[in-house]
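First to last, the sequence lines map onto chains Y and L.
The working numbering numbers the first residue of the first sequence as 1 and each following residue consecutively.
The working numbering numbers the first residue of the second sequence as 1001 and each following residue consecutively.
Be careful, since some hints might not be right.
As the list claims (entries may be wrong) - Using C-beta positions, here's what the derived DEER-type ranges look like: (1) Y:Lys159 - L:Asp1087: 22 to 32 Å; (2) L:Arg1106 - Y:Arg271: 48 to 58 Å; (3) L:Arg1105 - Y:Arg85: 37 to 47 Å.
Said to hold, decoys possible - Negatives, chain Y to chain L, calculated, CB over 10 Å: (4) Lys31; (5) Asp60; (6) Glu100; (7) Lys104.
Think of the hints as simulated: they come from the structure by calculation, not from any bench.
Note that the coordinates shown come from a computational prediction; the quantities given were computed from them, not determined experimentally.
Built from N, CA and C at the ideal position, the CB exists for glycine as well.
What follows is the residue order along each chain.
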Amino acid sequence: MGSMREIKHRITATQKTSQITKAMHMVSASKLKKAERSIRAFRPLTEHLSDVISRVISSDIDLTHPMLEARDTKKTVYIIISSDRGLAGPYNAMIFKAFEAYVKKQHKAKSEFVVAALGYKAFSFAKRKGYPLMLDHSIQVRDDVQFLDFQELSDRFIKAYLSGEVDQIIVFYNKFINTMNQKVEYQILVPIEHNPTIETKPKAGLNIMYHYEPSASTVLINLMPMYVVNMLYGMILEAKASEHAARMTAMKSATDNAKDLVRTLQLHYNRARQDAITIELTDIIGGANAVN
Amino acid sequence: MHLIVTTPQGVLYNETVDYVVVSSKNNGDFALLKNHAPLISAIDVGYLKLVKENQQLFTVIINGTLEHQDNVITVIAQEAHVGLNKDSAMDHLNQVRQSRLDENRRRNIDFLKAEKELKKNIREARPSRRS
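Can you build the whole structure from these sequences, using the hints too?
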């Protein structure tokens, strides 16, 4: 163990670190609440949109859209939703690990897929690993994320899918379960053939005869990309809530660890202080004996 | 008839109106009056003209759906903005979008700049440590 001064210095440094981590914990807690509110507010909008699409599709059995039909998968787009910054525990590492394992299992060559990174961490991960990237710059996932922020990316992959350049779009993200639990999930964004929220057959309560302006097929053509982007936005909101929850948990344990460390260091400091006093006393007694 | 315009940020407009004119790039113009038949439409970029007691309001919409049923019009939009005339509403929305894009670009540059600076500092610190 070092000198008293060294220990005192370490105690002060650790206390300062714990103050920062505590502040970060509190900031993340308040951001998490906000993110949860956004998820709750957005859910009815997605439900309404899937309801509208269900109505359009069920109006005509022959009505279909490329995004509703699966085709042979030659090329896949992987959208990885990560955070922009670190200090969020295993939040990013978990997604990257799951993604790497999945890609290794599914693909033999890098030419079979392309990565669309959402968040600076995902972008630098894909770049580091040498994966083919959809955009040459990162897309920021801000706390108050808006459609406009990732429009450049969504336009690009929707265009690629509709032109037949890619045949499948899969999203990797952290699903928010609760504050303590976030689960890495992958979801096929397009084609939407197995999406349980869209009903392709008419169901009870949907038998109102609707007019479509200008026609059901045109409405569907316009609605499908909108729906896909909405689904992605929902996942980004979930990922954002997971990020704040992960950061909150990480900062909480960092604060606890710092407190434990301060306690241990305080003990060492007291011991060192006592040792110094004992040495001083021994010196004084020794000196006094020598005088006598 | 009742009109509700909702965006992910919350409910933008929730009022009773006399009639609504829907104008969009992809579908052209049409009006919805009281007791209109149930209708569904999609708007890519366009606006809604809301008329109430000879007063007009315009809501600019970017990527939205419109559903009319039982004299209730529900509009779900990715982005929307209300203004006194369509040009001012559109201008304002474009301004907000542009400043957001600029801010995103600036943040991206800041990140890259910080990363480059950090790498440079690490490179410079290494030889000094050896010496």
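Outside-interface status for aspartate 60 of chain Y - nearest CB in chain L farther than 10 Å
Per Cβ check, aspartate 60 of chain Y is outside 10 Å of chain L; nearest 13 Å; holds.
Minimum Cβ-Cβ distance from glutamate 100 of chain Y to chain L exceeds 10 Å:
Glutamate 100 of chain Y clear of chain L: closest Cβ-Cβ about 23 Å, beyond 10 Å.
Taking the CB of arginine 1105 of chain L and the CB of arginine 85 of chain Y, does the distance hold inside 37 to 47 Å?
This hint is violated: roughly 18 Å between Cβ atoms.
Checking the smallest CB distance to chain L, is lysine 31 of chain Y really beyond 10 Å?
Holds, since 16 Å exceeds 10 Å.
Quick check on a hinted range of 22 to 32 Å for lysine 159 of chain Y and aspartate 1087 of chain L, using CB atoms only.
Since lysine 159 of chain Y and aspartate 1087 of chain L have Cβ atoms about 29 Å apart, the given range 22 to 32 Å holds.
Would the non-interface assignment of lysine 104 of chain Y survive a Cβ cutoff of 10 Å against chain L?
holds (28 Å)
Against the range 48 to 58 Å, how does the distance between the Cβ atoms of arginine 1106 of chain L and arginine 271 of chain Y compare: consistent or not?
Cβ of arginine 1106 of chain L to Cβ of arginine 271 of chain Y: about 53 Å, so the range 48 to 58 Å holds.
Hint compliance for this structure: hint 3 is the single one not met.
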